[in-house]
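Visitor: Protein chains in written order, with UniProt numbering: chain Z, 1 to 252; chain L, 1 to 252; chain E, 1 to 252; chain H, 1 to 252; chain F, 1 to 252; chain R, 1 to 252.
Source of the hints: derived by calculation from the structure; they are not laboratory data.
The reader is advised that the hints may include incorrect statements.
Straight line, CA to CA, 25 Å or less: simulated DSS-like cross-link-like pairs of lysine-lysine [claimed, not checked]: (1) E:LYS233 x E:LYS149; (2) E:LYS82 x R:LYS82; (3) H:LYS82 x R:LYS149; (4) L:LYS196 x Z:LYS22; (5) R:LYS149 x R:LYS52; (6) L:LYS196 x H:LYS82; (7) R:LYS22 x R:LYS149; (8) H:LYS184 x H:LYS212.
Protein chains: 6
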Amino acid sequence: MRANDRNGDELRPMKLTTGVNKYAEGSVFIEVGDTKVICTASVEERVPPFMKGQGRGWVTAEYSMLPRATHTRNQREAARGKLGGRTMEIQRLIGRALRSVVNLQALGERTVTLDCDVIQADGGTRTTSITGSFVAMAIAINKIAEQHKLQRFPITDFLASVSVGVVGGQPLLDLNYEEDSKAKVDMNLVMTGGGKFVELQGTGEESPFDRKELDLMLALGEQGILQMIERQKEVLGPIALKIGTGQAGVRA
Amino acid sequence: MRANDRNGDELRPMKLTTGVNKYAEGSVFIEVGDTKVICTASVEERVPPFMKGQGRGWVTAEYSMLPRATHTRNQREAARGKLGGRTMEIQRLIGRALRSVVNLQALGERTVTLDCDVIQADGGTRTTSITGSFVAMAIAINKIAEQHKLQRFPITDFLASVSVGVVGGQPLLDLNYEEDSKAKVDMNLVMTGGGKFVELQGTGEESPFDRKELDLMLALGEQGILQMIERQKEVLGPIALKIGTGQAGVRA
Amino acid sequence: MRANDRNGDELRPMKLTTGVNKYAEGSVFIEVGDTKVICTASVEERVPPFMKGQGRGWVTAEYSMLPRATHTRNQREAARGKLGGRTMEIQRLIGRALRSVVNLQALGERTVTLDCDVIQADGGTRTTSITGSFVAMAIAINKIAEQHKLQRFPITDFLASVSVGVVGGQPLLDLNYEEDSKAKVDMNLVMTGGGKFVELQGTGEESPFDRKELDLMLALGEQGILQMIERQKEVLGPIALKIGTGQAGVRA
Amino acid sequence: MRANDRNGDELRPMKLTTGVNKYAEGSVFIEVGDTKVICTASVEERVPPFMKGQGRGWVTAEYSMLPRATHTRNQREAARGKLGGRTMEIQRLIGRALRSVVNLQALGERTVTLDCDVIQADGGTRTTSITGSFVAMAIAINKIAEQHKLQRFPITDFLASVSVGVVGGQPLLDLNYEEDSKAKVDMNLVMTGGGKFVELQGTGEESPFDRKELDLMLALGEQGILQMIERQKEVLGPIALKIGTGQAGVRA
Amino acid sequence: MRANDRNGDELRPMKLTTGVNKYAEGSVFIEVGDTKVICTASVEERVPPFMKGQGRGWVTAEYSMLPRATHTRNQREAARGKLGGRTMEIQRLIGRALRSVVNLQALGERTVTLDCDVIQADGGTRTTSITGSFVAMAIAINKIAEQHKLQRFPITDFLASVSVGVVGGQPLLDLNYEEDSKAKVDMNLVMTGGGKFVELQGTGEESPFDRKELDLMLALGEQGILQMIERQKEVLGPIALKIGTGQAGVRA
Amino acid sequence: MRANDRNGDELRPMKLTTGVNKYAEGSVFIEVGDTKVICTASVEERVPPFMKGQGRGWVTAEYSMLPRATHTRNQREAARGKLGGRTMEIQRLIGRALRSVVNLQALGERTVTLDCDVIQADGGTRTTSITGSFVAMAIAINKIAEQHKLQRFPITDFLASVSVGVVGGQPLLDLNYEEDSKAKVDMNLVMTGGGKFVELQGTGEESPFDRKELDLMLALGEQGILQMIERQKEVLGPIALKIGTGQAGVRA
């Protein structure tokens with residue numbers, strides 16, 4: 001039995017609180033079970049050097065865990081003087097995923113930076129960061145749309161992410177830390193509101209998996225992500241109506 | 001007039017929420033006006049190499065600001081690959097201040113690390129970190145005391161910190177960001193419950209100050225700190241009774 | 001039409017040359033089209049600190065590109081003073097993939113380090129590194145088996161890797177650089193000789209993909225990998241017979 | 001009794017030798033007891049990026065100790081690859097202190113960098129660096145004034161610094177290393193020729209101090225600093241006459 | 001007796017293979033005994049900041065060893081985060097040596113970067129890198145000459161390098177690793193086709209050497225280098241005819 | 001004509017002042033013309049990890065220039081976070097040179113570290129560092145000999161260093177900065193009291209040199225070094241008598 005009598009295909013309770021930072025153009029505090037992440041979206045009116053003069057925008061992400069987000073205290077990467085491989089891998093994933101639903105041309109020459117700071121970690125910090133960041137990004141982009149800086153609304157679809165795995169022979173949705181550490185197979189899915197795959201990363205380091213297990217995990221993940229997107233829509237309210245329409249003029 | 005009709009000798013509203021992290025031995029979310037800091041206290045059963053074998057413990061601190069804690073986004077120190085001078089100065093100050101009210105002999109060969117992560121900054125992040133860290137440290141040390149690991153309760157007095165400054169010729173208590181950026185003189189005070197000075201750092205880079213201004217600022221700061229310590233006592237409840245007694249056996 | 005009249009489901013020519021380094025316990029020069037990688041396997045009679053005393057071994061990998069492996073010269077990571085995110089991601093992938101087919105218990109307390117140095121890059125450097133590293137690792141582990149240091153042969157299955165993608169609406173196997181830069185979807189597969197998935201990483205940054213495209217790509221990749229494994233068997237000769245049997249005693 | 005029969009309120013012998021570097025615009029070798037520091041002032045006709053185009057100048061400082069300035073050899077910070085927190089704290093203090101007596105507008109868009117290299121350390125290296133740097137800076141600024149590059153003489157007042165402390169219950173002026181390591185309270189004062197405070201940093205890590213001790217230390221420090229400023233005047237000769245007058249035209 | 005019956009004044013077998021990299025403007029795989037180095041020459045149409053606007057070009061070099069180029073595996077400098085002193089010394093030497101035979105004015109504002117990556121090391125990696133780099137550079141510069149970008153052919157003479165040493169009282173030419181580790185004196189010579197010295201670095205850390213030994217080593221080295229230059233001429237073919245003539249128009 | 005009417009074969013005035021640091025086991029302030037270097041020798045009763053347990057000692061060196069040792073201010077290597085190639089090359093040279101005249105067996109398991117800090121640079125800082133370091137090292141080693149820690153006196157010969165060059169067709173001894181920057185050929189020599197070569201580094205980056213020029217430079221350098229060694233003997237007094245005798249018992 002899973003903690004809190006959860007079924008194998010059941011998400012943990014998810015809570016999205018917006019407006020948690022008075023300076024950021026968009027901000028969300030996302031809680032998925034005991035995993036808690038602050039996502040802020042910052043808009044800057046410039047793009048990185050390699051994109052200058054192309055008339056297109058950029059979306060990027062940074063990810064970090066507070067030292068005591070975990071059972072035992074971890075050394076800060078700032079103190080060690082370099083980012084670890086895991087951090088780099090995660091922040092590259094978050095940025096790539098978000099860009100897949102943004103029309104960079106429509107965004108114009110500006111950068112949206114998503115900062116995902118994990119306050120408490122209990123499994124699924126990267127997927128939670130993606131789900132939360134999407135909401136923070138939508139709020140921030142809506143803010144510049146309302147300032148009449150955009151001709152089209154650049155977000156083309158919804159986006160959320162969840163983990164799935166095989167634990168003790170059973171496929172499970174949305175693993176917590178304890179389940180994750182016992183999983184033989186571990187997969188992270190990022191999907192759009194339209195049900196397409198954006199990222200699919202499965203690893204069977206402990207034990208390779210076959211096609212049947214893959215199919216079961218994909219089915220579990222898809223229904224979980226669609227539930228998460230429903231929650232994003234509720235929280236975004238009128239902003240949600242602009243997504244995918246391309247119409248910047250709909251007032252939120 | 002100050003924001004929110006505050007008087008010159010009036011503190012901003014202060015809120016201390018304990019138990020905000022399920023892993024840390026002690027944790028506090030401290031809000032002083034719009035300055036918000038998560039303080040966690042982690043206990044490890046070892047000391048740094050330079051202290052090994054002396055039978056004494058160590059208390060140290062790390063400080064960091066989330067990138068969007070401020071009006072504009074700051075680059076992460078982990079991404080830059082080194083800690084800035086301001087960060088180092090602040091975390092050395094926090095550690096030194098806390099050690100002044102801990103009997104390291106009574107703590108035994110263990111380390112308490114305070115992590116102060118600034119979620120939102122509106123002036124006074126270092127003083128707020130000290131005031132919050134004291135509470136997180138007290139909870140953590142009480143936890144090990146309750147595990148019967150200590151013969152004496154090692155915290156010898158209360159400790160809090162506040163800033164004072166001279167703005168437009170007026171001495172003001174507990175500056176917010178806007179006031180701080182206009183201040184000609186800026187002073188941070190750390191004091192004990194017994195009314196003694198632990199740290200006193202005044203700087204008149206914009207304009208040197210005289211003895212009279214110093215005396216006014218010290219008086220303002222002292223009464224502000226004593227109010228803060230009253231709030232710490234309320235929040236700590238029965239733990240507060242152990243502080244300064246040396247008696248580990250009083251049950252919280 | 002693809003370069004060199006290649007069909008969509010056709011691998012590039014692959015060449016494996018063993019024994020290219022006189023010091024390494026195992027070494028392979030692998031050429032897949034114009035992508036060329038030197039893979040060396042080094043055996044050391046110790047494990048990393050976090051694994052000491054568990055009686056188990058470790059397999060890890062490092063990946064690097066020579067500065068002029070690509071169209072334009074890249075700055076060396078040693079000169080920049082840090083590893084990039086892409087490098088870290090790739091070397092973590094290679095290590096994880098190889099460990100999935102090694103019985104670390106049977107390896108004993110020793111480390112096998114695979115160094116993958118890309119001499120020339122024309123797409124698929126990470127998948128080529130995995131396919132080549134498997135051979136170098138098998139040679140190195142066989143060497144210690146022949147020195148009677150192992151009771152069981154620790155390699156449990158074959159392992160190879162290939163990329164698949166969707167270019168201009170067509171699913172293609174084993175993309176070269178030009179195809180890769182036009183691909184809307186890009187997927188790297190790592191599979192065992194038994195046809196199971198070890199790693200599956202698909203990304204549709206440019207354009208999300210649906211389930212049908214995923215199924216086509218998985219089928220393409222699987223048959224490509226099985227062909228590669230046939231080539232590994234030829235090159236490994238008698239060593240191939242030991243893989244998966246657990247019998248260290250079969251003489252190569 | 002203090003070393004060399006010194007009274008509690010007595011400074012160590014202080015010697016200022018100017019012109020010790022043939023390239024620097026200003027240079028001083030300052031000896032305070034056995035503490036010996038080379039201070040050079042370098043003038044560059046540009047300002048840091050964050051100050052460009054404001055028509056104002058900048059004064060900054062760097063501080064370092066030779067490896068064998070102390071009883072045992074310290075590792076070089078260049079070899080360790082980063083500046084320690086203590087070094088950063090000290091060089092920020094020196095820069096801030098000097099800027100408090102410079103009219104940056106009158107200096108124009110140029111930077112004066114003070115390099116304080118401690119040849120031998122016997123307590124008070126930061127205060128000695130400030131006292132010596134002031135003289136080096138005055139010589140350098142006078143040099144550009146004599147080149148008719150300035151309309152007003154930008155130094156507005158004299159500046160010196162000393163440490164005070166409480167050792168064995170006694171307030172002492174200008175602590176040497178041995179006294180400093182026994183001090184319960186340690187305070188560094190920076191004051192102007194006009195008797196105002198520029199920096200005041202007191203720390204009672206070992207034992208908090210009360211208001212009475214603070215008042216005694218401030219009195220001791222003030223008279224010590226005023227003596228030091230007398231010595232600066234002697235050494236600066238005619239340059240001293242320009243300080244505080246704003247008149248660039250007085251010929252040195 | 002030396003390995004492979006080599007006489008004291010005999011070079012190891014040397015093999016130069018050109019065109020080993022399809023992207024680089026010039027490339028050579030040089031084998032001197034078991035020492036094997038890939039040298040690529042990359043041409044970029046810009047110069048380093050310190051040379052901008054002078055109408056002159058720049059030639060520079062970088063040197064690296066693959067981790068398993070040696071008997072035991074070495075840590076990568078990229079992983080350690082900094083270049084070692086030996087690497088820096090060698091790459092400065094290679095760049096300096098090559099520049100001595102290039103007319104930087106005739107090269108125009110472009111940079112030629114030589115990358116020397118040691119695949120396998122058996123003594124003499126720095127001298128082998130110089131000898132190979134000269135050929136790669138000549139091919140690259142000829143390529144731009146053929147594109148009519150140069151008015152004069154900028155290479156003024158041939159250049160090669162060899163080591164000499166004193167082992168067991170005997171002067172030996174072209175030391176392999178085993179000889180090098182037993183040598184009391186170790187000298188690297190770089191000479192031009194005209195028989196002049198470009199670099200001469202002798203070290204007698206184990207045992208100082210006298211004038212007579214120096215003279216013997218210089219004679220050995222000179223004849224070895226002249227043989228190497230003959231081999232460079234053969235490999236370069238028609239390009240060799242342009243060297244030293246200054247005539248860019250001779251067609252290769 | 002050279003500055004100060006110096007002849008081509010004439011050294012600059014050289015001054016050696018010993019005992020300039022009260023903590024170091026040996027210290028010298030060496031002035032050669034306007035080049036000024038503080039050399040301290042620190043003795044530690046341990047050796048680097050790679051030498052442990054062999055019963056032999058180690059001699060090593062570090063070299064640094066104060067930021068304003070030169071015409072214009074250089075950035076500190078500690079601030080840049082890494083040692084430059086030139087610094088590494090020089091400190092490796094100094095260490096190697098000194099070790100050539102020390103019997104490491106006789107030194108026992110201890111390390112002598114020479115710190116060469118250039119206070120003012122006017123050409124020849126590396127050669128001046130070697131000449132000064134020899135004296136500081138001799139004083140330090142004599143100190144431990146007098147503590148009866150050594151059975152044999154480990155210094156086997158004198159050692160000094162000078163630069164020679166060809167300027168305007170003329171061979172010159174001991175170049176100052178201005179001469180050095182005009183030199184076509186630049187050579188640094190390190191020789192023993194017995195007239196043997198320890199290091200010989202000649203570079204003709206601007207213009208290769210022939211055998212005749214080499215011979216002239218070697219002759220100039222030899223007589224310069226022998227003069228320097230006479231000065232070392234005067235300064236060392238009775239310590240000089242122990243050098244080369246192996247007798248630790250001669251009292252200085």
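Visitor: If a hint holds in the structure, say so; if it doesn't, say that too.
Guide: Against the structure, the hints:
For the hint pairing E:LYS233 with E:LYS149, the CA-to-CA distance comes to about 24 Å; that is within 25 Å, so the pair holds. In summary, the hint linking E:LYS82 to R:LYS82 is supported, as the alpha carbons are separated by about 13 Å, within the 25 Å threshold. Restraint check for H:LYS82 and R:LYS149: the C-alpha separation of about 36 Å exceeds 25 Å, so the hint is violated. Taken as a hint, the L:LYS196 and Z:LYS22 pair is broken in the structure, with Cα atoms around 36 Å apart against an allowance of 25 Å.
For the given pair, R:LYS149 sits about 18 Å from R:LYS52 by alpha-carbon distance, which is consistent with the 25 Å threshold. Only pairs whose Cα atoms come within 25 Å are accepted, and L:LYS196 paired with H:LYS82 is rejected, the gap being roughly 36 Å. Note on R:LYS22 and R:LYS149: the hinted pairing holds, with a Cα-Cα distance of about 21 Å set against a maximum of 25 Å. Restraint check: the Cα-Cα separation between H:LYS184 and H:LYS212 comes to about 15 Å, which is no more than 25 Å; the hinted pair holds.
Violation of the numbered hints given earlier is confined to hints 3, 4 and 6; the remaining hints are satisfied by the structure.
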